[in-house]
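The opening position of the sequence shown corresponds to residue 0 in numbering that gives the first Met the number 0, with each subsequent residue numbered one higher.
Note that these hints are calculated values from the structure, not bench results.
C-beta: ideal position from N, C-alpha, C; glycine also.
Check before you lean on any hint, since a few could be wrong.
[As the list claims (entries may be wrong)] With beta-carbon atoms standing in for the labels, derived distance ranges:
hint	residue 1	residue 2	range
1	Lys396	Glu441	44 to 52 Å
2	Lys502	Arg398	20 to 28 Å
3	Arg398	Arg485	24 to 32 Å
4	Val17	Leu47	14 to 22 Å
5	Asp569	Lys429	45 to 53 Å
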Amino acid sequence: MERTEIRHALNLLTIIIVLFFAGYFLEEAIDLSSVNVEQNLVNYIEILTELLSVFVSFAIFTITWHAHGKNRDNHSLFLGWAFLVSGFFLMLHVFSYPFMPAFITPNSPNKSAIFLIESRLILFTAFIASAYIYNDTYPKYINRRILPSFLIISLAITLAFVSIHYDYSLNGFDIETVSSTAIFLLSIYTVIILYSSYLYSKRLKQIDDKNIIYLIYGFIIIGFSNLVYFSFELPAHLLIIVGFFFMYHSLYMSSIELPYEKLALAEEKLRIASEERYRNLFDNANDAIITIDLEENITSWNKSAERIFGWEAREVIGKNIPQLIVPANAQAERALAIRDVRYGKVVSGIDVARLHKNGNKIDLSLTVSPILDGNKNIIGFSGIFRDLTERRLAEEKLREERDKAQKYLDVAGIMFLVLNHDQTVALINKKGCEILGYEEKEITGRKWGDTFLPERIRDELKKGFEMLISGNIENVEYFENPVLTRSGKEKIIAWHNTVLTDKDGKIVGTLSSGEDITERRKSLERLEASENKYRVLLDNLPQKIFSKDINSVYISCNNSFARDLHINPDDIAGKTDFDFSPRE
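Take the sequences, apply the hints, and build the full model.
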């Protein structure tokens with residue numbers, strides 16, 4: 000036997016001995032009084048004890064019934080119903096005393112004994128059964144809809160038995176007559192209680208409910224009261240009162256206090272875990288997180304704040320934040336942000352400058368939020384500062400690269416044009432602006448087709464661009480088309496094109512290089528016209544005219560010369576005189 004079990008056994012033995020002798024000496028004191036006083040007092044004590052047991056039984060049922068809706072503890076609910084049924088029979092036992100008014104049938108010791116036997120038998124049987132029932136055992140049967148039928152059936156059977164066999168003799172239910180019935184029942188009760196206590200002691204090692212020990216105390220004390228009941232009434236009744244108190248205490252703690260203790264423990268663990276999680280997030284955040292009270296004194300300062308501002312938390316806690324990190328020229332902006340938050344406005348992602356410990360200014364993005372108490376009153380503010388230094392450096396580098404690329408494009412002798420998927424101009428170089436006659440700012444963002452294409456080809460080219468973006472047609476690497484300049488004149492541009500895609504391969508725009516071939520086209524047209532004019536003149540001369548290269552190969556001839564050779568003028572190119580005069 001373990002030390003804890005020995006301690007509980009000694010505690011229980013001490014309680015029983017103290018109660019027994021207290022009742023014994025009280026009973027001896029009553030024996031010294033007159034006979035009438037003794038009998039009346041014994042009757043009163045007996046009635047009060049039994050009624051108190053009835054009250055406690057009903058109270059146990061009440062707390063387990065109402066608590067079940069929240070704790071879903073089938074073990075407590077089952078015992079609560081057992082106490083309710085036992086309490087009803089115990090109440091009928093009291094009402095069946097010979098000195099009480101008769102009900103249904105004449106009162107008698109046998110009638111009273113039947114109800115007492117029923118009460119104890121149900122209670123002790125439920126005790127051993129409950130040792131196998133846990134919080135979630137048999138939910139289909141142990142619930143607030145099924146158990147009431149057990150009470151109705153038990154009462155109906157017992158009342159019917161008493162009504163029919165009210166004169167049934169228990170063969171002298173009196174220990175002084177050495178009744179075999181009494182000895183048998185007491186033996187059964189004792190075995191049930193001891194075995195149930197053994198089962199509960201094993202259960203106590205498996206589950207976290209120390210209140211079970213009080214339930215064991217209560218049942219063992221009640222069992223001992225049964226053994227001494229017929230010889231020592233007052234000690235027995237005193238033991239009954241204390242036994243029911245222990246059982247009430249056990250089920251009250253299990254049904255009411257224990258769930259709240261577990262809830263409080265769970266909430267405490269959750270709170271600690273939440274605080275730990277918050278602390279980890281707070282300390283490991285990449286952004287500086289600072290909280291201040293209503294006087295703007297610093298109340299918390301995370302590790303990123305130490306890194307960004309150079310101050311350690313122990314150096315700044317309690318200090319006034321405007322005096323510490325806010326430049327003189329930013330005090331008005333700081334006060335405005337605090338005022339806006341007080342009045343419920345959102346202050347998020349504003350660019351600010353703050354001071355490092357070394358006096359240098361830091362570019363930051365600031366978000367300010369109110370800190371509220373349980374009554375939704377503002378008790379402080381939290382500020383999240385994001386260091387923009389790296390972003391500003393990246394932006395500056397990107398700007399430099401963009402400007403460099405723009406310079407390359409601007410010195411190019413051809414036009415460069417980038418169109419977005421919606422046909423708006425994303426980029427155009429200096430040469431393109433010169434060709435169109437616009438400033439760059441007048442071109443970017445405008446629809447290319449609506450502004451810079453002649454109306455006669457506008458719809459066709461816009462439709463083709465949409466099909467290209469949607470992937471329905473292949474990219475046309477080279478084509479020529481006219482564009483419309485600011486003055487309303489048209490210029491012919493020879494385009495080389497490629498598509499721009501995102502990381503998923505989706506077409507998002509086009510990049511085109513264009514050369515103004517307007518003058519070249521006009522020169523070719525003039526040259527072609529001149530050639531045609533001289534061709535007509537030569538063809539109509541009667542003289543025979545031809546041209547040869549240095550190898551005496553014909554290049555061309557007029558109609559007069561071709562007629563003599565009986566050929567078409569276009570067929571003479573590449574031929575020699577030997578083609579028309581055979582060699583000797």
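Comparing the hints with the structure gives:
1. Our hint of 44 to 52 Å for Lys396 and Glu441 is violated, since their Cβ atoms are close to 29 Å apart.
2. A hinted range of 20 to 28 Å holds for the C-beta pair Lys502 and Arg398, which are about 23 Å apart.
3. In this structure the supplied range 24 to 32 Å holds for Arg398 paired with Arg485, their Cβ-Cβ distance being about 29 Å.
4. Between Val17 and Leu47 the beta carbon distance is about 20 Å. The supplied range of 14 to 22 Å therefore holds.
5. Between Asp569 and Lys429 the CB atoms are about 47 Å apart, so this pair conforms to the stated range of 45 to 53 Å.
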